[in-house]
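So the sequence lines, in the order shown, correspond to chains A and B.
In terms of our numbering, the first sequence opens at residue 14 and continues consecutively.
In terms of our numbering, the second sequence opens at residue 16 and continues consecutively.
To be clear, the hints were calculated from the coordinates, so they are not data collected in a lab.
It cannot be assumed that every hint is accurate.
Said to hold, decoys possible - Dumping the calculated EDC-like pairs for lysine to aspartate or glutamate here, alpha-carbon to alpha-carbon at most 16 Å: (1) Lys131/A with Asp52/A; (2) Lys394/A with Asp318/A; (3) Lys536/A with Glu343/A; (4) Lys246/A with Glu309/A; (5) Lys20/A with Glu35/B; (6) Lys18/B with Glu35/B; (7) Lys75/B with Asp52/A; (8) Lys57/B with Glu83/B; (9) Lys164/A with Glu260/A; (10) Lys18/A with Glu35/B; (11) Lys18/A with Glu123/B; (12) Lys394/A with Asp275/A.
Given next are the chains, with one letter for each unit.
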Amino acid sequence: MDTSKYKALYLQETNEHLLGIEKGLLAIEKDPAEASVLDSLFRHYHSIKGMSASMGYEPVMKLSHAQEDLLSLLRSKKLTLTTEITSALLYCLDALKNLVKRVEEDLPLEVDISPFVKRLKSAVEGRPVEARESAAPAELKLSNVMKVEGKVFDDLLATVGDLFMALSSFKSLTHISRSIEFKDSVYLLGKSINSIHHSILSARMLPIEDLTEGLPRVIRDISKQSGKKVELKVEGAGISLDRAILESLGAPMVHIIRNAVDHGIEPLTERMQAGKSPEGNITVRASAKKDKVIIEVADDGKGIDCDKVREKAIKSGVPAERVRAMTDREALMLVCLPGLSTAEAVTDTSGRGVGMDVVKEMTEGLGGALVIESAPGKGTKIIMEVPRTTSIIKTLLVRVEGEPFLIPISKIERVAEVRHEDISDGVLKHNGADLPVIPLGRLLGMEEETESPVYTVIIVESGRDENAGRLIGLRVDDFGDEMEAYIKPLVPPMSKLWGVSGIAVVGDGRPVFLLDLPQIVSKAAHGAY
Amino acid sequence: MSKRVVIADDAAFFRTALREILLKGGFDVVGEATNGADAFEKVQALRPDIVILDVVMPVKNGLEAAKEISLLKLPIKIVMCTSLGYEPIVEEAMKAGACAYIIKPLSETKVLNTLNGLGAQGL
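Excised from the complex, chain A in its bound form (with noise of 0.2 Å):
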């Protein structure tokens, strides 16, 4: 067989093994008489074995058939877990990850393994371990910093979620109760919660850099196979952000950089008689706004022909009115519907190519928003506006057509009771202004019910850019308690519903979709509903 061309998918395979390894010893060691986990523990080393022999990583298959043979000892009962196989199973793991970094990275396998089999063997026999088998630490000093890994951090988070929700329920007893010693305690409890959750959120910050550091080598990689010259400039490296929303940028950012120098930069004599620098000049600039982070990446290609963009979107079956109707800006936009920007043709004329359809997602998904800004001639920017931290925002409910949503609070300006004759043709006299009330529920396609004598209007504002600073209206059946809530990203294909950006769980343990606010406000300015 010839191996080399498999190696990207035995890595990717294997690694994937090894997370499902370490997730099942987990869970045994807490539930030892989980079967299922048992068995998917074999089959994870058992895979790992048939791939590493195939690509005669021998280290690594004696290593998992090694481990394989104990699993296949515990599943048919032969042998009881104890702690010190759960251990040895653990220690060897490591290992065994050792030998597919060393495989990843081309470094000899000619590891000895015997200590790690000896250990196996050991805790099967119930036997001690002997002291020198186990990793000694290289010095008896403690030191400063700590390595967790990032998934206890998630851990610690998805707690103090659920902290911030049992503490609502408190809050809301206040109400009823006349102790004040409840009160007192149920206030300071929430002061400590704050206080874990602050920490918690410091200890999960990283500096940009860390995404950043990857990027020349990136640069280099694509420019190579254009045959292109780029230069890379980073600006605020240093701003940091949480790990898991730095981590989810990683592939976005590649897909941006990547369409910058296949589509963007012009080749050499192209920038020649344009009179630009012989080399393609890539910029990414990061930048904080309160609690937003702003990643910029520039380049001074040849930018993006907004009005082949508009072609390529109607010959792929946007309505033409529609797109002749919208601003320069929003029809750049149109780079990130799905079907546009896959189609090869449109890649090389418009100058920019696959994937800003999963970019668009992507950074929506994190709550954040996209905009690109292109100058046909000097270049094309794409701007991602990301939260620094993840997850737990003030939000309030409110119910629509009977469902209940959150709106994080941050966007509202203020909520109104309005008699339904204050209406006229859908807008409001609010402070000597009119000001547009939508219905939610007609907006995200729900049935609507009777008109109702009173309302409830939360006014928000309507979005970013050359609206900002105006209000909006958005018309509800009610609203409930303000709370705290751990909003979780939306996986796909939950991720490309409209109009909600994330998901919580409240007090009662019910499932609540998180308002996307900035979606449904420019939805509504567009009379689209």
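Position chain B against the provided structure of chain A, taking the given hints into account.
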């Protein structure tokens, strides 16, 4: 006409390797399954000439799938594919209706010889 094959293996690694070997050998890979249940469904729907079943798979393993497929009484040759150490299972599968086996690691000659050998049995 080239023989139509369905491949069942939970590892994309092996599916890819098998697919490439089979294409080289002039076989037509008409479907791929990632577990035994999936394999059973694909075999029913696609009616291939040959199905290659990995033994260790999630949901339903290769042995169970082999038993179910042979109960269909279709003119399908079942080939078991596994790593060393599963001879008893392969034997059981052969009793249940499988007609050949391939032991991993895969090699082009091993796979093609086995599958071409099926022809000799009057496929």
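Hint by hint, here is what the structure shows:
Using a Cα cut-off of 16 Å, the hinted pair Lys131/A and Asp52/A is violated, with the two alpha carbons roughly 23 Å apart. Between Lys394/A and Asp318/A, the direct Cα distance comes to roughly 13 Å. Compliance with the 16 Å bound is thereby established for this hinted pair. Of the pairs offered as hints, the one joining Lys536/A and Glu343/A holds, with about 13 Å between alpha carbons and a cut-off of 16 Å not exceeded. With a CA separation close to 11 Å, the supplied pair Lys246/A and Glu309/A stays within the 16 Å bound.
For the proposed pair Lys20/A and Glu35/B, the alpha carbon gap of about 15 Å is at most 16 Å, so the pair holds. As the CA atoms of Lys18/B and Glu35/B are separated by approximately 15 Å, the hinted pair is consistent with the 16 Å bound. Only pairs whose Cα atoms come within 16 Å are accepted, and Lys75/B paired with Asp52/A is accepted, the gap being roughly 12 Å. With a CA separation close to 13 Å, the supplied pair Lys57/B and Glu83/B stays within the 16 Å bound.
With a CA separation close to 13 Å, the supplied pair Lys164/A and Glu260/A stays within the 16 Å bound. Proposed proximity of Lys18/A and Glu35/B is supported: the alpha carbons are some 11 Å apart, at most 16 Å. Of the pairs offered as hints, the one joining Lys18/A and Glu123/B holds, with about 15 Å between alpha carbons and a cut-off of 16 Å not exceeded. A C-alpha spacing of about 15 Å is found between Lys394/A and Asp275/A, which places the hinted pair at or below 16 Å, so the restraint holds.
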